[in-house]
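Q: Chain by chain, the residues:
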Amino acid sequence: MSEQTMTAPATAPAGGPPVLQAVHVTKHFPARGGLPRRGVARRVVHAVEDVSLDLYAGRITALVGESGSGKSTLARLLAQLHPVTSGEVLLHGKPVRAQRGRAFREHVRAVQLILQDPFGSFNPVATIAGTLGRAVALHHPERKGKERAALVEDLLTQINLTPPRQFAEKFPHELSGGQLQRISIARALAAEPEVFLADEPVSSLDVSIRLGVLNLLRRLTEERNAAMLYVTHDIASARYFAADTAVMYAGQLVEQGPSEAVTQQAAHPYTQLLISSAPDPSRPAGSRVRDIGQPPSLIDPPAGCRFHPRCPFAMERCATTVPDSHEISPGHTTRCWLYADDAEARAKRAENAAATGKAGTAGGTGPADPPPTPA
Amino acid sequence: MAVHAALAEPEAAADPAQGAARLWRRLLRSPLTVTGLVITLAFLVLAVLAPWISPYDPSAVSDTTLAGPSGAHWLGTTQNGQDVLSQMLYGARASMAVGFGAAVLTTALSVLVGVTAGYLGGIGDEVLSLLANVFLVLPSLPLTIILAAYLPHSGSLGIILVITVTSWAWGARVLRAQTLSLRKRDFVEAARATGEPTWRIIVRDILPNQVAVIAASFLSTVTFAILTQASLAFLGLADVTQWSWGTILYWAQTGSALLTGAWWWFVPAGLAIAVVGTALALVNFGIDEFINPRLRQAGIGTKKAQRAQVTARRRPRVRKGAPAVRRPAAAPFTQDSTDVILDVRHLKVDYVGDGGGRTPAVDDVSFTLRRGEVLGIAGESGSGKSTLAYAITRLHKPPAEISHGEIHYTRPDGSTVDVLGLDDAELRDFRWEELSIVFQSAMHALNPVLRIGAQIEDVIVAHRPRMTAQERAARVVELLGIVGIPADRADSYPHELSGGMRQRAMIAVGLALDPEIIVMDEPTTALDVVIQRQIVEKIMELKDRLGFSVVFITHDLSLLIELSDTIAVMYGGRIVEQAAAEDFYRRPQHPYSRGLLASFPTLGGPRRELTGIPGSPPDLRRLPAGCAFAPRCPAAFDACTTRVPQLVPVPAPGGGTAQAACLLHEPGAPNGLTGEQSQSTDELATGEAR
Chain A
1 MSEQTMTAPA TAPAGGPPVL QAVHVTKHFP ARGGLPRRGV ARRVVHAVED
51 VSLDLYAGRI TALVGESGSG KSTLARLLAQ LHPVTSGEVL LHGKPVRAQR
101 GRAFREHVRA VQLILQDPFG SFNPVATIAG TLGRAVALHH PERKGKERAA
151 LVEDLLTQIN LTPPRQFAEK FPHELSGGQL QRISIARALA AEPEVFLADE
201 PVSSLDVSIR LGVLNLLRRL TEERNAAMLY VTHDIASARY FAADTAVMYA
251 GQLVEQGPSE AVTQQAAHPY TQLLISSAPD PSRPAGSRVR DIGQPPSLID
301 PPAGCRFHPR CPFAMERCAT TVPDSHEISP GHTTRCWLYA DDAEARAKRA
351 ENAAATGKAG TAGGTGPADP PPTPA
Chain B
1 MAVHAALAEP EAAADPAQGA ARLWRRLLRS PLTVTGLVIT LAFLVLAVLA
51 PWISPYDPSA VSDTTLAGPS GAHWLGTTQN GQDVLSQMLY GARASMAVGF
101 GAAVLTTALS VLVGVTAGYL GGIGDEVLSL LANVFLVLPS LPLTIILAAY
151 LPHSGSLGII LVITVTSWAW GARVLRAQTL SLRKRDFVEA ARATGEPTWR
201 IIVRDILPNQ VAVIAASFLS TVTFAILTQA SLAFLGLADV TQWSWGTILY
251 WAQTGSALLT GAWWWFVPAG LAIAVVGTAL ALVNFGIDEF INPRLRQAGI
301 GTKKAQRAQV TARRRPRVRK GAPAVRRPAA APFTQDSTDV ILDVRHLKVD
351 YVGDGGGRTP AVDDVSFTLR RGEVLGIAGE SGSGKSTLAY AITRLHKPPA
401 EISHGEIHYT RPDGSTVDVL GLDDAELRDF RWEELSIVFQ SAMHALNPVL
451 RIGAQIEDVI VAHRPRMTAQ ERAARVVELL GIVGIPADRA DSYPHELSGG
501 MRQRAMIAVG LALDPEIIVM DEPTTALDVV IQRQIVEKIM ELKDRLGFSV
551 VFITHDLSLL IELSDTIAVM YGGRIVEQAA AEDFYRRPQH PYSRGLLASF
601 PTLGGPRREL TGIPGSPPDL RRLPAGCAFA PRCPAAFDAC TTRVPQLVPV
651 PAPGGGTAQA ACLLHEPGAP NGLTGEQSQS TDELATGEAR
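So the sequence lines, in the order shown, correspond to chains A and B.
Numbering-wise, UniProt numbering puts 69 at position 69 of the first sequence, and it's gapless, one number per residue.
Numbering-wise, UniProt numbering puts 409 at position 409 of the second sequence, and it's gapless, one number per residue.
Okay, chain B solo, but in the shape it has when bound (with noise of 0.2 Å):
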């Protein structure tokens, strides 16, 4: 979800250092890959040195024979009175010759194969992919060995060609599924459309986005590399003449340095592999972290996170009662009910960060749900209404915390729950038992996997273990109808159906258990219009029917007033104006909602001027001190900037619902808009206009 990305990153925009220094500084944020590296380097450097650096010839044979690490031999001496240390140096030489040389002939060639396959297409990818899965079947233990038993001795080249060849095939493939789908994003389709040459695209579009894999494979082709040419040398099969990490483990074999004791011998090579194959492990883990910029930034420091999730104070709970009293006939819901289902008070949600800093994306935020009611919350991206909508089901997911404020639920038979309080077991009745979530996207909340009705009936099972199978099948078939979806559907897949449908079966699945209250996130933006009227049509008449209360979250303020009984939009993190939608859309109070309803143009009736709002929705972690709005708003005065406005009722001539948060409400405001200056949303859009 957009609103989490963004806010999972608390520090994220911070101007970015220049050059260098922004580099050191991502580096050392990561101290692993800062030790992964300095290992990797070190033994580059000592490989580089061997020959002047090392006390010894390593070949040169002594009297010293299998001594113990003393100060004139600090790895001591082989069998033959060699000196292991020089040994090992030279050693370096050969592996990491082998294992960066057998790595960039096995990449470039991967990265060839794979991006060409891939951003071509057609036969010429048929071709190289074909090449590719037959490299990949061959044996390729077998084959490495064959090979380097019939090459001739050409030392480090031998092995090097023979690493390559064996093992190109499966980075090509890799690489050549991520160029298809980065082939299809719209950044390479713009740089097509703007007419820009193939290669171009492929050197500054595709290969960018991939350099993570690109690495990773590298990576690991060094490590493989290396302990390739090492068995390949412990088996006798190179050259032993030539010192590398191999041979020395070959020579310790043949002298019977393990039945000896001699441990200085074979432990310096084999911890010089495994030290090497770590380092550049380390290197792999931050590479990506460091190459791509969105992850750049401060991660999210999961655990403390989720212990804190909710911090708000738990009450004692009330026990669950008898068997859910069946809720009366669906009465219309008209703006005078009193019958309180659910109960949010200053509700404050928070994202902790890294540092322990909060953004507040939901401040104190208060409403009531009552029997029946559609409570439309608008707001835009950011505004803090999809974060409400988890948290007043709590499935905020951390960073998301509730730090402050209370949700009373109010049963049918009249007893209430502390939502806060539930313990997860009751939480999981609470959830879809009474209240139960419509999501935006129903192409990513349905299992690809599962048909929708064992889907639907999983719901059934977890929260109904004793209803036989049959009355299963058959709620299932009850809920298909009810949603509109034909019976015999119930076996297809989700990707057989249409949007439309598989917001259906999302919507029977949150009907399920007959809950009191729906909770819908969105759930039609992703549809098309004669399809979203189909869906909102239908959950009006199943409201109607079957009598459950919907909070119906948009940012479509048009369709909000179609369909809501009240509306709360809100700004922020706030709710900045509350009211009965009809009050809402002839009376606007607060000027976002008026900025708001002057956006959207009509259908119907004359064209009238849109003003729209200049600026742009403010950023939760950097809310301007006062009001969050008063940066865009036409009607900002001095104390918007310092003071926050609360939410009062606004009063008006016919006794008007709504409720605003802005200070020209309050007496001795600048232009005081109070009840009786109200004028229609026209006049005040015209008046706005600059």
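In isolation and in its complexed conformation, chain A is listed as follows (with noise of 0.2 Å):
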């Protein structure tokens, strides 16, 4: 496939088990500040609140969600970088506690973090070829001097940075935001991972260069066998990038399913919001998804389910109970309250819809391309 084109996401069968799985992972950070009082408990930020999501060999998931969300420390916990506070996470099945030590490596050698900042992520005052040496003699200690220097190589040019030579001996200062970002991608690749977990890979470059580095990982996933987990704040990217899409709110996941549902048949009011946010001259411009709010304070997080607050369509149980996981459709399945059984949430569900359907995010209404003209 050329690596300059995209059209749909790679959509290896959900077929087998899953690499990599985080079994209702649940997160608190001590939180900064303050004396410890006598009678009162320490206060904990709660940034990640019984999360379970499976990762699949050969296909892609988007975590989307807003910064603070929690995203980026399910990918910390994924790789094993902070323990959990309650929960698993499970490789192959089994579960992995790993912090420190042998057993630390052996699981970052299948799991391999990618991180959002090119520019920051490269110890400024080592060469290319310093970084890259340092991963592959981590993981492959074995080859030594000229074997190490062509593997090296072999990574530079995998990553589609040809002549190698020519970027080895460069500092990161001297290289594109887009270059490094693929060398983030080739340090990773040195240990040959089971699992990608690429934090924001692309949101610090420029547009027209973040296809290229999707693509890219796109083509590892799929050489690989490999699994991915893509997180992210742009939802549109999603929907082009990855099988499927999970969303967070507040630490707590509340939507996920096939990339394509999510997105054009959001069902959890937050998502919908999501969606409406996002710039997009494709859509017919009118009414939107009003709001004024922002995300809740994660120390003191509102009870039930953390959008209640923000929610125009919350109900009572929604501010006392954390909503259950409902099925929308085979493989979607959202956490809120209007998907349940009864009455009082069937008429919500039916106010939800037709705000929405009004406003055109929860799709339905018909291709918009080539976009009509605004009224």
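None of these hints come from the bench; they were simulated from the model.
Careful, some of the hints might be misleading.
What the hints assert, rightly or not - The list that follows gives simulated cross-link-like pairs (lysine-lysine, DSSO-like), each with its CA atoms no further than 30 Å apart:
(1) B/LYS348 with B/LYS397
(2) B/LYS538 with A/LYS170
(3) A/LYS170 with A/LYS146
(4) A/LYS170 with B/LYS184
(5) A/LYS170 with A/LYS144
From these two lone chains plus the hints, build me the complex, please.
A: Here is the structure:
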């Protein structure tokens, strides 16, 4: 497949067991500041709350959310950079708890993290060859000298930075963001991992070069039959790039399913808000979901569904009980009380359908391409 | 700003030469550092060679007492007829040994404690930090004196230990703080994520990035130790029978050299101490530049650039008229409007390199902004869009320089102002009264130690000195209300506000004086989409209500198409296409615009093919000849590499508004893309797919 075009996301069938799983994972960080007082529990940031997510070989799963939604924390939990507070991370069905030492390195060899900021993720005083050489030395200690240099060149070739020799001797500041991000990917490749955790891999890149980096990631996923978690705030790119999409809000997973279903028939009011907020000239102008709120403090998050204070369709139970998972269509689930099977929920659901239908966010308005002339 | 940083280094990425040659070239670029190194090395060599090159035994007495400099005794003799030069040479041994010995020990201890504490954190950090803090508050001078006095006469080693004990804590603290901040950097996290062992991360990632601090602390400790040793010896607290520069001074003092006018006895020692200190300071000077690869490139000749900031000729200025006429109630903008408020003609902005080389960041840019219009300027990093924004407001900093062009602003009363001809006072009035700016990073543009209410008030105080405090307070509340910040947040500090609130506060600052034009440089880039939507809608609502014009700069083309009336796309410092937003979206005329439109994924409608643009944005320092986009252009032909296309109107059947700078639109071009042949974005996108 060409490096430059993109139509459909990588869709290896979700058959087979998941490679990497988060099972009811919760992460609380101790809040900074304030002395612990007697009788008062130490304050914690509820960064990730009871999230379950499966990653499959050859398949890209997008994790979408705003900053502070816990999406990056979840990626780091999967990479075992932080210990989980409760729940489990399973690699090939076996629980992993490895923060240091040999076990951690074993885990890391299989699960590689790619960070967002290509300019920050390189040691400014080391050459590219030095940085990549370290990764090679770590994962292939038997390769020395010439062999190691050859492997570094091979990595650079795999990410289409040719001639490799020309890039190997550069310092990070001599390269562009797109080139550096490719080198981050090469660094991850050195471990020959089974899972890539890409944390906003293209957010800091220019629009015209994002596609190339995403396609590179996709090619690697397909060629190596690796699993990939694509963490992003850009739900539109999730639609194009990932087979599945999961949406997080304030530490909770609110909706997940096939990308096309999640973006075109968004079920959760937060997903609907996210979609209607994204700039998209192809969408007819007009009313949108109005919203003036902002995400809650995670030190003292709202009880029940954390979105309820902002939700125009909130019901009483939303403020008290965390919503169950409801299946909208096969594989497409949401944690929202609107989809409960009772009279009140049905009424609210109709209200929601009417509102989003009018705003043209929940799909069903037909193709808008070429875009209609604004009235 | 990234663009500035990138452009400030004109000869930056020249192919790095190999090893030693590169080292030498770098060294020679900094004559001060070389001087410092040479002097320090000379003293070290003299110290080492002292026993062999000294003309006399430094302690041997002779009959020639208190003789001035002569052929036999180059630096004269002491009261006992000892040779001062020999004493100086032997003294250099002790002084240098103490200086470098103490520095090595001190630095090693600082690094060990500082980096360990900073990297490990937790209990270890607390214990080590406590230890360092205790040592920091110990009064070091008395302690030194007491320790030195009680230590048996163990010579230099004793002094070295005393100095180490009293001076390691400072360095440890600095290094701990540095380590703490480095530990949070992405590249350390990346190394951790690849599973590297801790010691290797410290050795490869943490320490190399601290070399500058470590070296600075090492060098200053050398100076400090030499001085301390001299002081102790001078006070008679060291072994005065062992020759050092301090003991020479001690004996000169006891021998009343000053009273007898025997200057040759004490001046050399004092001078030597001063010279070594200076030399070490010079080395320290260059060390950062030497170590940090980013700073190795040629610096910026700031002074010259500052002087030359505006070389475009200055016109006699138009005096500011009577109190500004209130603009009429906002009339909705239409594309037919001819009410030009800002007219930019052939603007050229260069970055001036150290050697006088010029890199054009904005080249021959012309556009008009009409009253009530939202002009969107799109472009990738390095396209010159931010430089343009700064140049319009004349906030560009050296080495940027407007070398050509005109900017005219038309007041609501019809009088015009030559913006480039304004002097400093007029410029201050022009900015904010007529034209204000909202910057990208609200966190950096707001002063962290001032409440936001006070920051808004500052603008008003500066421009409306006659307003009373009450009026000002009322205006602040009004402004906060306009941008949707609850009035009680006026007393908040910037860090207490969310990103969206901070950006609103920035907009309130921009609106404070009711300007005619607001230039917004990526005002929502750092924000989440939902917040971005809130801010953008607020801006549009305010624009409709207050009737100002907006220059909106961003890389986010889809956002721009939604909110702009007119779009200008920049590439390689030039505007390559300009059109009404709808025309632009439906019939992009420049291959770059098409590529951009085919780069971003859409949420609505069926999935279309994304083609992207091959290659990467151009380096302004090395723009290709001809059209800057030619190397990435799927439709480029021969002429594209030789001729620079001009921005010309593209005829369209419906009387389109598009202008494009592309040779394909000239008659006789291969596959000439004239208006009739314009296709929809998607057909083109697919057609260009390779």
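Q: Now look at each hint and say whether the structure bears it out.
A: Against the structure, the hints:
1. B/LYS348 with B/LYS397: Holds, because 15 Å separates the two Cα atoms, which is no more than 30 Å.
2. B/LYS538 with A/LYS170: Given pair B/LYS538, A/LYS170 is violated - Cα atoms ~45 Å apart, limit 30 Å.
3. A/LYS170 with A/LYS146: holds, 19 Å
4. A/LYS170 with B/LYS184: At roughly 24 Å apart (the allowed maximum being 30 Å), B/LYS184 and A/LYS170 satisfy the hint.
5. A/LYS170 with A/LYS144: holds, 21 Å
Hint check: a violation occurs at hint 2 only; the rest are consistent with the structure.
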